[in-house]
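Protein chains in written order, with the numbering used here: chain F, 76 to 177; chain G, 637 to 1637.
It should be emphasised that the hints constitute simulated quantities derived from the structure, not laboratory data. From a predicted model like this one, the values you see are computed outputs, not experimental measurements. Among the hints, a few may not be true.
[As the list claims (entries may be wrong)] Mimicking PhoX-like on lysine-lysine, the simulated pairs with C-alpha atoms at most 20 Å apart in a straight line are:
1. G:Lys1390 - F:Lys139
2. F:Lys139 - G:Lys1312
3. G:Lys1523 - G:Lys1332
4. G:Lys1332 - G:Lys1522
5. G:Lys1292 - G:Lys1390
6. G:Lys1020 - G:Lys688
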Amino acid sequence: MLTLTCPYCGLQADETELHGGGEAHLTRFGPDSSDDEFEAYLFLRQNPRGVHAERWRHVYGCGKWFHALRDTTTLQVFGTYPAQTLTPPADLLKAAGVEPAA
Amino acid sequence: MSTRLATGGRLIDCTHTTRFTFNGHAMTGLAGDTLASALLANDQMLVGRSFKYHRPRGIVASGPEEPNALVGLGKGRFFEPNQRTTTTPLRDGASLTSQNHWPSLEADIGALNQILAPGLTAGFYYKTFMHPRPFWKHVFEPFIRQSAGLGKAPTEKDGDVYEHLYAHCDLLIVGGGVAGLQAALAAGTSGARVLLVEQTGHWGGRAPVDGAQIDGQPADDWVAAAVADLEALPNVTLKRHTQGSGVYDHGYVLATELPPDHVPGSDTARARLWKIRAKQVLVATGAIERPLSFAGNDIPGVMLAGAVRDYVVNWAISPGARTVIVTNNDDAYRTALTLLDAGQEVPVIVDAREAAQSALIDQARVRGVRILTGTAIAKVKGGKRVTGVALCAMNTGGSAVTEIIDCEAVAMSGGWSPAVHLFSHCGGKLYWDDARAMFRPDPARLPTGHDGQPFVRTAGAANGHFDTGAILHDAVAATQAALKLDRAPIAPSQAQDPAEGPIAPIWVMPAQARYELRSKMWLDFQNDVKVSDVQLAAREGYESVEHTKRYTTLGMATDQGKLSNINGLAVLSEALDKPIPEVGTTTFRPPYTPVPMGAIAGEARDAAFQPLRRTPMHEWHATHGAHWEPVGHWRRPYCYLRAGESIDEAVHREVKNTRQALGFLDASTLGKIIVKGPDAGRFLDMLYTNMMSSLKPGKCRYGLMCTENGFLTDDGVVARIDDDTFLCHTTTGGADRIHAHMEDWLQCEWWDWKVYTANVTEQYAQIAVVGPNARKLLDKLGGMDVSNAALPFMGWIDGTLGGFPVRVYRISFSGELSFEVRVVAGQGRALWDRMMELGLHLGGMPYGTEALHIMRAEKGFIMIGDETDGTVIPQDLGLGWAISKKKTDYLGKRAQQRAHMVDPNRWQLVGLETLDGTVLPDGAYAVGTGDNAHGQRKTIGRVTSTYMSPTLGRSIAMGLVEHGPDRMGEVIQFATTSGMTIDTRIVSPVFFDPEGEKLNA
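Bound-form chain F, shown alone (with noise of 0.2 Å):
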């Protein structure tokens, strides 16, 4: 059972308290998108084996959203940062080794 620290809580939180949302960082795509941009938004994920940045919502604690960078093989979590990001913070990229995008 993994544990993640709730970034507005401070709390090292048991997964049991927190809600898991999938892939961080969506772009969406309303009623002008193309189909294949709507389907890449609702429905193509890059399930990792290894770095993902992903959504969690502390839900039996502060009912905050937030994001974790996670190695999901490992589990080795680099952090967790607030939901209102568009891409995860470059010191935590940096701790996953992973290039910052462009």
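We have chain F already, so just place chain G on it with the hints.
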């Protein structure tokens, strides 16, 4: 025969006799006995039958690795199958039943399978039960079902109590042997918060049995001093009878405590499941001895050499007056010494190695024991118990028997394997130590935690150290590493074991054993897997150890191959001519030994299984005949039963009464979410398909909510309270889900919008007052003008009714004149009581959820979960009027433009009327002509709601039918499970008062 010795037994109390029964026979044991030691004390060598061949089986081991000696324990509500006799303490009055036999343990018909054994090889089921196909259902499966399964499942509800408990620590040490105690002393001294768990009832593990001397004193004395020191440390917690069951991600560990003094049926826990969050875990679980593979190694009386030692030293049990020892290593010589010390006879030590030289062996040699090196057991003699062994030279096929020796027991040792299970659960990797013939934890590949740093380590025998001095040293070093200390907190205690010679990796005995012998050499006693089975699997192309396991069943079931895994993969490695590390091990998965189902459930049973949500009027319903329906965690009255009434009669009475006079519904469970802020209207425009920002304060609007994939997820009435504030009603089951949905979009997509939400569902009670007399009831309560002019349909007003501050919504889910009256939860019951009292004179009575459902269906109103199932869009339900054409965007809009969503052949909502008046079965499918792509008959629709309408006196239904609205008047056929079809006409879904005259009264 196995006997209780006159002296010795460090764990028993000879002054306390315990009575128990085995298959109904009265027996006695002593306080401190396990079930196994007590059975052996009564010379009960035969304790069960094997799973497949029903071979006689006896006790092999003395710990959790025991494969054979499983019994049904207790009776009735306190019966539990597959209890390991070797780890279960004997309790006075215990009732033991042996397993896997019919009609009795002694005379078992299934043992005929032994004669059929050559046909029952690996993959027998896969190979045999393929053809002819119908035989599977009618012949093979019933037969297999009858003979399958280990033990019998209990038939009654568990009568015992179970608990879940939580613990947190810096260092969890699993295993209270000398390694675990030494580690706890080191960690405790450093000040760390330490939890030490031990699966048995005593400390010290094997060291006292093996005669270790620590710091110049007997191990028992060192252990007692260590435990006393640890008990004095406030930062150290010691728990016995508690097994580390599984190690999981980020230091989560499950441990199972089985209190030994538990009395069945008492109010204390029979088992406790500990949920532990440990920063570091130290696995000091010791090692497990391996059997040797020789013909007849499964006959009762053949035991592990270490177990024989345990029985003699711990429980003063001798498994036989004459015990032959067979080994490939030095450790078994300790068993010879122990037996001799106890006055028992050891006619011979059969040592497979060509040479046997060491200080330990010399100790046996000087006692005059006959030692035969380069020798093997060709065959064990005996049926239900050992009577002797036939010996042969090790490097032969076993045909030339050199000698036959009479004996009552055989003590075997194939070497020891570190118990690495817990280390492996969370990803720890092993390496093969070829010189010492064992898999050991790889210090370079330890399991890592949330910070990427190792969090599980092994110490002592679990780490591959078998010398007491090395074990103690390793324990301190592992503790230092786990706690990241600059230097060791204490110096390890000192010990000096006699020097041992090297093990010889012997996997089959004799080395070139012919087939008749190999087909009698058991690798897995519990699943009846023999050397010949694994070799057959290899010949048939099974190269992966994981596949071989599943094909042969090696290492499955309750013991998970604790004795068989290494021997099995070694045999596979020889058969494949590949080195052992290349073949590898199967994956160790939690739990280490089976955890009782009751412990997993804990307190979560009966009323405590899940929370029960009660409305303020719950108790009133309960005392007025409520027939409950679970809705989410709520209980809602399905109907209110009166004396002598059937459920149907009650429902019909409630519908008719509401339509003709006055009905009351407890609507408190409906979700109530406040959405507030300058951007609230904009936000709701995105959430609902309708335009909500244009709603005027004081007005209500029915709204539909879709997920981003376009499917209808919830509906309800939205009331605008003021410019910045809306109150959104949701379905009963949807309140929490929809609130979470709102928060998700607010926090993660439109986080710059100024909106707050609050789920106030439980803060208010809400009562629907429904029917022609509804307004009269409100007038009787008095205090508010609820006339059509003051409160038109789809309006709301605040005021005081009968002294209660209320908000009244003029909304209707039944097609009747209807008001929903909201009051703070604390006054809900009082308002309800007042309404019931005043309603008596107006024909008022409460109605339940079924009457609600029927009335809404009569009106053609959809119900989330009936008409919707996660594949239905609002357009399918004729709800196009509730989808704004003006809005450029809302959640689900883009998805509803996808090709499949605008397909004119989508199944769409219609009313359904059977020609013969019968009620359609719920969920029935309408059949079309021809077959679909899977060769099944095409379907063109299905029933979503179906009722007998008391109002109309006939059946009504709604359903989704392929372009249904274009087919009004057409007759289609619905299939039933009996094979008949029902002719049904497609009609409008609005069956009652289509003009809405009653609603607007």
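Results of checking the hints against the structure:
no., hint, in the structure
1, G:Lys1390 - F:Lys139, "holds, 16 Å"
2, F:Lys139 - G:Lys1312, "holds, 18 Å"
3, G:Lys1523 - G:Lys1332, "holds, 18 Å"
4, G:Lys1332 - G:Lys1522, "holds, 17 Å"
5, G:Lys1292 - G:Lys1390, "violated, 47 Å"
6, G:Lys1020 - G:Lys688, "holds, 17 Å"
The earlier numbered hint that this structure contradicts is number 5, and it is the only one.
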